[in-house]
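**Q** Using the sequences and the hints given, assemble the complete structure.
Chain order of the listed sequences is C and H. Under the numbering used here, the letters of the first sequence match residues 1 to 324, in that order. Under the numbering used here, the letters of the second sequence match residues 1001 to 1294, in that order.
Treat the hints as calculated values from the structure; they're not laboratory data. Remember, it's a predicted structure, so these values are computed and weren't measured experimentally. In this text, a Cβ means the ideal position worked out from N, Cα and C, and glycines have one as well. Be aware that a few hints might be false.
To be verified - Footprint (simulated), chain C over chain H, 3 or more residues, beta carbon under 8 Å:
| # | segment |
| --- | --- |
| 1 | 1010–1019 |
| 2 | 1051–1059 |
| 3 | 1102–1108 |
| 4 | 1169–1175 |
| 5 | 1182–1192 |
| 6 | 1204–1210 |
| 7 | 1253–1262 |
As the list claims (entries may be wrong) - With a cut-off of at most 27 Å between alpha-carbon atoms, the simulated DSSO-like pairs for lysine-lysine come out as follows:
| # | chain 1 | residue 1 | chain 2 | residue 2 |
| --- | --- | --- | --- | --- |
| 8 | C | Lys292 | H | Lys1244 |
| 9 | C | Lys292 | H | Lys1068 |
| 10 | H | Lys1245 | H | Lys1145 |
| 11 | H | Lys1217 | C | Lys292 |
| 12 | C | Lys74 | C | Lys126 |
| 13 | C | Lys74 | H | Lys1136 |
| 14 | C | Lys311 | H | Lys1245 |
| 15 | H | Lys1068 | H | Lys1116 |
Read off the chains here:
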Amino acid sequence: MTEGTISATFDVYRHDPAKGDRPRYQRYTLKLSPHTPVLTALLQIRAEVDPSLALRYSCRSAICGSCAMQINSKSRLACETHIGPEIEQHGRIVVEPMRNQPVLRDLVVDQASFWKNYHRIEPFLKLDPAHPMPEGRPTSMTPEEVERFKETPRCIACASCYSACPAVEADPGFPGPMALAKLYRYVVDPRDRAHQDRLVRVQADGLWMCLRCHLCTDSCPKDVRPSERIRDLKEMAIAVQGATEHGSRHAVGFKDNLRDRGVLNESRLVRQTYGTLGMAGQLVQGLHVLRKKPEVMRKPHPIEGVDQIEKIYEALDRPSEDGA
Amino acid sequence: MRIAYYPGCVAQESGKELDLATRWVARALGIELVEFPSFSCCGSGFVDEANEVLNVAINARNLAIAEKAGLDLLTICSTCQGMLTLANLRYPDPAVRPRVEAALRPLGIEYRGSVKVKHLLRVLIEDVGLDALRAKVRRPLAGLKVGAFYGCHLLRPTDEMGWEDGEEPHAFEDLLEVLGASPVYYRGRVMCCGFPIQFVKSDVASGIAGRQILDAKSHGAEAMATPCPLCHISLDAYQNRAEKKVGAPLGMPIFHLPQVVGLALGATPEELGLARHLVPTEPVLAKVPPAAVH
Ligand code: SF4
Ligand code: SF4
Ligand code: FES
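**A** Below, the structure written as structure tokens:
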């Protein structure tokens, strides 16, 4: 082995749905420097071993967002993931297409749903004619205003987060982390005149399907932190419109639930979320659980110093219309 | 060691078996649990969604209680761990701290930000130590194939929770090995249990729970174990719904973290509250030989 190189084994997902064959993993072994990016290795495989390997890439500098794929089960940019640490940790490098999008061929997926969800949030500025920008500088913002975007402008639309998101996997109606992070960017843009409208729409259109699992934030190569911006959207949506969905009713109900005892009153929470009538739908499950866990029907004792909780709420909680 | 014991709401009510097992394990390992009846709920992630600053404030109050006693804080729930850690992280923010302080000061509460929040899993590994634990095993789990199920908030965001790799942790598996079990690695172990939307779209939530159980099962797991009582609700108490949703019988016993530890340390099923589970644990217990008599 040449000095400074390692023997790297790649197991690469191969599949051509058009041919109707079954997905398989093809093994390639190369001698490479540990600093080699996975993308460079794949391109070498394509150039020297197997020209039929399909993959997507462009900039090779972690900017264009085209080369996202699963590398040892994590959604990552192939051009910035080095093979050394992967081999060290896993002994080999399993390369697979991104999840939550159908495979077109090998490592190339059909991104239609990702982009459709992006367009669904109307990713363009709706300017406010009542607040014209100073002459000659139609889109100027103060540095403080730009700060409001937090990390969201860094997004390169690579869809790593979309691939990692269990809510996308479970419900195709969920817009996905990147679309929601982008939506946040428009909601906090002081020039946008539609931000209330955007919040009202998203509250009913998937916002509360986010599981706050933070897999998007962990998988994002640009530290956009979609899960944290989704949290912000939730709080802002409740602020402009109140709690209109089961999800927001549950969050607001939970918050109000703690106020008088300092601890959760489980049965009351079900009523707060579903309303007294809607509780009937939960009855069967409630009885099922009750067999072994009678406490679900019991009112818990208030904590010591529960009046402090009330005082903290008085100081910091805006009144909610939907407290039940 | 002495540590402030933060049981969280569920372990004091419908998840009582978790509290029971924690106390047993703490006794066995010489961990003194200092109790504070003034601890409030952590907000479970829902209060954070509704009002971030309020969430920091109620948890700063909890942390201040431990700080006053000069203790670090032990959690037994991934979500409590996440929320209390989050409060520690958000508290110094200049947009947050003055508001929280203004709410707490009139109550005579001051939080200086010094309390470390540690989940039981981390205490077992870092403070008790795996070697010390190994020496206490009376009833090795006989190669029982156990799938760890972490619970999101214990791990992620990785840079904030500051412990294990949030997509590829190994702490729980290391612990299971020490207890004599064979850990099962499967993708679902770091995924969501569906709990946050059990009340939003229960069919989707059940599908998510079912998917993870099925994943563990297809990798050979005979049981699963979780450090989070909310995951336990989704995976155990609602497993019947998950079965309907995935259209397959699952019959997967779900243990709380201190229950698997307790079992290996020689506790009886009664001492661990195993009869309180919705999915029976007997089939698994039958595979583990009884504790050696000392
Ligand atoms: S948020 Fe991050 S992971 Fe998602 S598309 Fe943008 S850059 Fe990629
Ligand atoms: S936090 Fe929400 S958006 Fe992000 S991966 Fe989890 S479910 Fe998806
Ligand atoms: S090739 Fe452009 S981001 Fe990797």
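**Q** Does each hint fit the structure? Answer for all of them.
**A** A quick look at each hint next to the structure:
Coverage of the segment 1010–1019 of chain H by chain C holds. Counting CB-CB distances below 8 Å, 6 residues qualify, and the rule asks for three or more. With 6 residues carrying a beta carbon less than 8 Å from a beta carbon of chain C, the segment 1051–1059 of chain H meets the three-residue requirement, and the given coverage holds. A stretch counts as covered by a chain when three or more of its residues have a beta carbon under 8 Å from one of that chain; for the segment 1102–1108 of chain H and chain C the count is 5, and the coverage holds. Requiring three or more residues with a Cβ within less than 8 Å of a Cβ of chain C, the coverage given for the segment 1169–1175 of chain H is violated, as only 0 such residues are present.
For the segment 1182–1192 of chain H, the assignment as covered by chain C holds, since 4 residues bring a beta-carbon within under 8 Å of that chain's beta-carbons and 3 suffice. Under the rule that three or more residues need a Cβ within less than 8 Å of chain C, the assignment of the segment 1204–1210 of chain H holds, with 3 such residues. Residues of the segment 1253–1262 of chain H with a Cβ under 8 Å from some Cβ of chain C number 0, which does not satisfy the need for three, so the listed coverage is violated. Restraint check for lysine 292(C) and lysine 1244(H): satisfied, since their Cα atoms lie roughly 20 Å apart, inside the 27 Å limit.
Restraint check for lysine 292(C) and lysine 1068(H): not satisfied, since their Cα atoms lie roughly 38 Å apart, outside the 27 Å limit. Distance hint between lysine 1245(H) and lysine 1145(H) is fulfilled; the C-alpha atoms sit about 25 Å from each other, no more than 27 Å. The straight-line distance between the Cα atoms of lysine 1217(H) and lysine 292(C) is roughly 24 Å, inside the 27 Å bound, and the hint therefore holds. Pair hint lysine 74(C) plus lysine 126(C) does not hold up; C-alpha atoms about 36 Å apart against a cutoff of 27 Å.
Taking the CA atoms of lysine 74(C) and lysine 1136(H), the gap is near 37 Å; set against the 27 Å cutoff, the hint is violated. Taken as a hint, the lysine 311(C) and lysine 1245(H) pair is broken in the structure, with Cα atoms around 44 Å apart against an allowance of 27 Å. For the hint linking lysine 1068(H) to lysine 1116(H), the alpha-carbon distance of about 13 Å falls within 27 Å, and the restraint holds.
Checked against the numbered hints listed earlier, the structure breaks hints 4, 7, 9, 12, 13 and 14; every other hint is satisfied.
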